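In the order they appear, the protein sequences are chains A and B.
For what it's worth, my numbering labels the leading residue of the first sequence as 1, then goes sequentially.
For what it's worth, my numbering labels the leading residue of the second sequence as 343, then goes sequentially.
It should be emphasised that the hints constitute simulated quantities derived from the structure, not laboratory data.
Bear in mind the structure is a predicted one, so any value in this text is a computation, not a measurement.
Hints are supplied without guarantee of correctness; some may be wrong.
Unchecked claim - For each label pair, taking beta carbons as the anchor points, the in silico distance ranges come out as:
#1 B:655 with A:199: 53 to 63 Å
#2 A:14 with B:685: 20 to 30 Å
#3 A:73 with B:757: 33 to 43 Å
#4 A:172 with B:823: 27 to 37 Å
What the hints assert, rightly or not - Below, in silico cross-link-like pairs of lysine to any residue (SDA-like), each with a Cα-Cα straight-line distance of 20 Å or less:
#5 A:198 with B:352
#6 A:198 with B:793
#7 A:168 with B:352
Idealized CB from N, CA, C, for every residue including glycine.
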Amino acid sequence: MNHSINKSSSLWGDAWRQLRRDRIAVASFWIIVVYLAMALYGEGVFWYFHWKDMAPPYQQTNLREEYLAPSVFRHPFAMIPRADPGVVGSPAVEQRDQPAAKSVATRFRAGLRALAHHPLGTDNLGRDVFQRTVQGARIAFQVGIITACIAIPIGVILGCLAGYFGGKTDDFIVWLYSTFSSIPGLLFILAIAMVVGKGLLGVYLGIGLTTWVNLCRLIRGEVMKHKTRTYVQAAHVLGLGPLRIMFRHILPNVFHIVIITFSLRFPAAISTEVFMSFLGIGVQGEPSWGIMISNARLRLWQGVWWEMTFVTAAIFFIVLAFNLLGDALRDALDPRLRTSER
Amino acid sequence: MFRYITRRIFQMIPTVFGVIVITFILFNIVGGSPAAMTLGKNISPKALEEFDEQRGFNKPLLLGRWSATRAYEDATFARNAGSWRQVEGVTYTAPQRREPGHITLAPGKDYALPLAFKLKPQATYQWVLEYRLRSGAASFTTVDNCQAVLTNRGYTNLLWRPFERTVPTSQPDDVTGAKPSLAAVVGFERQIRFLTTNSAWQTVKIPFTAGADPATFKMTVHTEGGALEICTLKLRRQNANWFDTQFVFYLSQIARFDFGKSNFTNQRVSQMLKDGIGPSLCLTVPIFLVELVVAISIALLCAFLRNTFVDRLIVVIAVVLMSVNYLVWIIFGQYVLGYRWGWFPLWGFESWTFLLLPVLIGVVSGLGENVRFYRTIMLDEMYRDYVRTAFAKGVSRPGVLFKHVLKNGMIPISTNVVIAIPFLYTGSLLLESFFGIPGLGNMGINAVNYSDVDVIRAIVLIGSILYVVANLMTDLCYALFDPRVRLG
């Protein structure tokens, strides 16, 4: 008895416990962490070479090493100590010269070195696919986070204002978001990007300025509901101002919607960025997943499958992880949102 | 019912207006004239001006009397002397603290103001000049042979004052004896402005009218006694009235259903839309219908087998399908099914077989999301009281599913379906360009690539209006089918 009284279960505490029990959600979370680490590493590499004013490794072209297959396919037996080294597929040249002098450890190290050399192969200019994929993760996270930073404040502020004040404010904001939502999404994004000009800024603005609508609608509905609750009335009676009530009292109670929307919008933002970069109006001059797909598409017909495959896999896992985590978050925090998502 | 419909139609108006305003803000205010972007860099200002004239981009945005003209590019001297760089006697001063970048015209000289092309005959223009004249005098003339006039008059008056007179060309020096009546015959109008001396920057507006034959127009700046510093120099053209603006032009275009002309294909946009809508619908309608039937069937199956292994497997597959990038579906579909296995034709739009592969890809790529959505709807219904009652009465499982659940599920489903219909019209951007289907999606992609503003604007605008109409339809459907919805 005592135990259950002491252990209070808040919304967040409850959700946290539910999420931790959900193995899929935990796995998705760790996948996202790995990608985030990749993105941070990519950011570090980018700024390091930017600072040093050198060509970063993912931009270094090497025409003698174009179309290298992934290292495992180049050296299928690199890690297996063999009685007769020097046959086809030998990892290093020096190994062939003095086969007898090599110990197992040396061979192991040579094999590792061979495997680490362009592990995922190279593209048509001999650029490392792995490094470029990492940079793609960096761009994807940038896009996801910055578009969220544009869309969330707009959606939250407008939604709170509309829900709390009602009347003319509400009419105006509802008019605004119904106008935005009636414009065909992808074309609107493309049009914004076209007007702003090619580059990441167009991607940020295009996605950011179109995705706040759904969040605004959800927040508005929730705030309207909360407005009649007793805690808001109490705050009102205490003489607190509307801004304080809105953002200090109501917002924390509806904030889970922001988190759910963010986690469900993130993969959509990544996909849109891929799409735009593929069309050539997204990232310029830097490797992004969309640009890699557009490069790899032409080579696919010549049998160069690895770039395409690894980029596809990279996109697939991060989108999958976010989708699964978003679902789990939604189920844990607010299952009613399932049908109102569209 | 009739009152409800009329009220809903009136409610549409602000949204449609909002869409018009947003497209206007996006393309006209933020975007500006796409002339330079579409026509290229090495194009004459005259061609650019004609491009703008045709599309109304040379008017003021919302309200205004004066608009810029490319006959003389605005000179602001923020970075360099611009077109004044090569002129003798001109020195450039870069901007400093409190001091804007400007050029200094050495005294005792004439400086021509070259125009890129002929001005419009009989139109009113004005020079907007921000200058500083510490000593001496300077004059601004709009016709040649003005030196005589200046020397005759001297520079006693430091206030600038209008000096308008029309004279025949044969006797340009004789100012006093000129008869205004002759002006109409020769078609010259002469105007000189004297600039005041002042140690601070000041702005003057110098209006003038281009004559009947603007080709003979030559404009000059003359300095005498002191250097003239200029920090901005702009030429403005007067419009017919205050409302001769881009916004009014845009509204009138929409009212006439004239969406302008593509600057890439040089066709009328309305014609392009007419040509493109057929192929687009050929692609999107089958995708939509097949998708709907397949997704609802699978969703019903899930509801039928809820909480079993099959149900969970379907959900997992749906999430996996959702997470594969759309591009990848298309590329792998085209490569494997079309190229490697040769089951389908790869590219073109000649017979129905060309549509099979894009339709298949379209259906598969959207399937995951739709199955999940419809499954949620079905499961929501499954836990309602009426379903429990039906089971309790002894209705069989398929009976409950198809008679009760599907019927009640139709309300959210129909909303979703009707709302999706307007998006059919824009076609599928990527599918069309990958498979060479000459629809609106393909057109949209090309338009984005060639920054064909008119085409994109038309597609966006029509798409939005269709969406608003579809919204109205959904509400009417609700009102018709769901007795719980009260009309009021």
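These are the hints, each one checked on the structure:
Between residue 655 (chain B) and residue 199 (chain A) the CB atoms are about 43 Å apart, so this pair departs from the stated range of 53 to 63 Å. Roughly 51 Å separates the CB atoms of residue 14 (chain A) and residue 685 (chain B), a value that falls outside the hinted 20 to 30 Å. For residue 73 (chain A) paired with residue 757 (chain B), a C-beta distance near 51 Å fails the hint of 33 to 43 Å. For the hinted restraint 27 to 37 Å between residue 172 (chain A) and residue 823 (chain B), the CB-CB distance of approximately 32 Å keeps it satisfied.
Between residue 198 (chain A) and residue 352 (chain B), the direct Cα distance comes to roughly 39 Å. Violation of the 20 Å bound is thereby established for this hinted pair. Simply put, residue 198 (chain A) and residue 793 (chain B) have alpha-carbon atoms about 11 Å apart, close enough for the 20 Å limit, and the pair holds. At most 20 Å may separate the alpha-carbon atoms for a hinted pair to count; residue 168 (chain A) and residue 352 (chain B) meet this at roughly 18 Å.
Violated hints, in rising order: 1, 2, 3, 5; the structure is consistent with all others.
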